[in-house]
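There are 4 protein chains.
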Amino acid sequence: MTKAKMSVAELDAFLLKEFPQAFAAGNITIERADGDSCRIRERFHEGMLRPGGTVSGPTLMALADVAMYVVLLSAIGPVGLAVTTNLTINFLRKGAPGNDVLAEARLLKLGKRLAVGEVTLKSGALPDPIAHVTATYSIPNV
Amino acid sequence: MTKAKMSVAELDAFLLKEFPQAFAAGNITIERADGDSCRIRERFHEGMLRPGGTVSGPTLMALADVAMYVVLLSAIGPVGLAVTTNLTINFLRKGAPGNDVLAEARLLKLGKRLAVGEVTLKSGALPDPIAHVTATYSIPNV
Amino acid sequence: MTKAKMSVAELDAFLLKEFPQAFAAGNITIERADGDSCRIRERFHEGMLRPGGTVSGPTLMALADVAMYVVLLSAIGPVGLAVTTNLTINFLRKGAPGNDVLAEARLLKLGKRLAVGEVTLKSGALPDPIAHVTATYSIPNV
Amino acid sequence: MTKAKMSVAELDAFLLKEFPQAFAAGNITIERADGDSCRIRERFHEGMLRPGGTVSGPTLMALADVAMYVVLLSAIGPVGLAVTTNLTINFLRKGAPGNDVLAEARLLKLGKRLAVGEVTLKSGALPDPIAHVTATYSIPNV
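Residue numbers (the working numbering), protein chains in the order written: chain R, 19 to 160; chain L, 19 to 160; chain W, 19 to 160; chain G, 19 to 160.
Worth double-checking, as some hints may not be accurate.
Same chains, same names: a pair is fine if it fits in one copy or spans any two.
Calculated lysine-lysine pairs in the DSSO-like style (CA-CA distance at most 30 Å, straight line) [what the hints assert, rightly or not]:
| hint | residue 1 | residue 2 |
| --- | --- | --- |
| 1 | 130 | 112 |
| 2 | 127 | 23 |
| 3 | 21 | 112 |
| 4 | 23 | 112 |
| 5 | 35 | 130 |
| 6 | 21 | 35 |
| 7 | 23 | 130 |
Read the hints as simulated data drawn from the structure, not as lab findings.
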């Protein structure tokens, strides 16, 4: 049983429209989303790397932002105007070259006006996180 | 089996000397610290409240800072010169009046120069966190 | 000409009631507040120090939080229920022992629901900041 | 007279090698960099927008990250291994469609191991910032 207000298929369709830059390339997959947490995967591609083979900061920030939006949508349904107001990222480790990047987001608070969550980013199956994010979304009056 | 380099008794003695303002009053207790995570408790006292009965922001920030220091000390041993370089707190909910405040800290990264952790703050036995913190400590060369 | 909705005397009276722990001791003075920015001073006292003579992190976080509240009140008038939702502090340098701490806050955004500001903290007349804060306040519907 | 250890031409050449994804497209220009602060410009292009015409969060985070790196390089010279350890962004306002995005970065601290700075992001000539960033870079031992 789940609290999710949108299925993964509904999320996919909604996000393809809302975040075409992130989703149209087909690199990002929603693996699960249950209204409290979600997991998304960005398939490895050369465009995510900096020279030296590190996953770039903007790649991680963008993926974390998408993960927060996915878990929020799964909690409140298709609300297109929610916007990130604040995001803090700590970069922790380099990932391994060639690995997908996984983002697990979890809601810490779901209020009427604000939602706060945290996102843990990992490199493939490596156990230690490569980055950690907290972010706040502002939810429009509906 | 634990990775802790200091016992709770050793941590208590060290912190009483290092953070006398926080520890001398006897309100803060270390419940456990294992080198990866710790839990500390601040006993309810009127001084932690704002008018209206909310636990004050500075109380939560100070307790989170102590919790990060406790888990770091338990991981690396008695290093007095570690300093917080960065702290981000999200205030999530009001606690219940009269409740102790609990802080659970967890290391996200323990490097040679920097340690990063997160702290979840709760009000007594209430399940939902009242605040969430990420913080970075700079570790001196030793 | 100023945009301030409250004079310094009105702010003093309001804050003494709202933040008695911070203001009743008489250590904090509002030097100016004009609806866009403010400057407040915490007079040196031993209670603000950690062993070694550094100003403690919680002292700086608490003072920054008060400075943000002062500039917000001066912009919107006496709204008692505004609450900090997020605060990020970067600790930059040690101050000089014996110095007052000065906090200059500036609004970056004043929206209907959220206000965002930054605070620069200095040690007496030393030119370089000892800490920098960004914070978000949630403004209640009135 | 400037404290800059690299000219704008030297910075351009270095960054084209280090951040080819950001610089090879030719959208980003360094307008000035003096060892304390810098200003960079990202020319408007459709790829920076979300549906609805807002500049996307990842665009702003990426540009702020580059601006911090530019001011740091101008202060310490060509050090390729400096990495962002922490970044906090507050999204403040929508920009105007069609506008370039400008990022002004300023060092708050330049230590041996860590540099901390803030970045103000604006939309063309509009006076109010659209986002504000603080970030920490870790500087390798050299």
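Hints numbered earlier in the text: which of these fail when held up against the supplied structure?
Of the numbered hints given earlier, the structure breaks none, since each of them holds.
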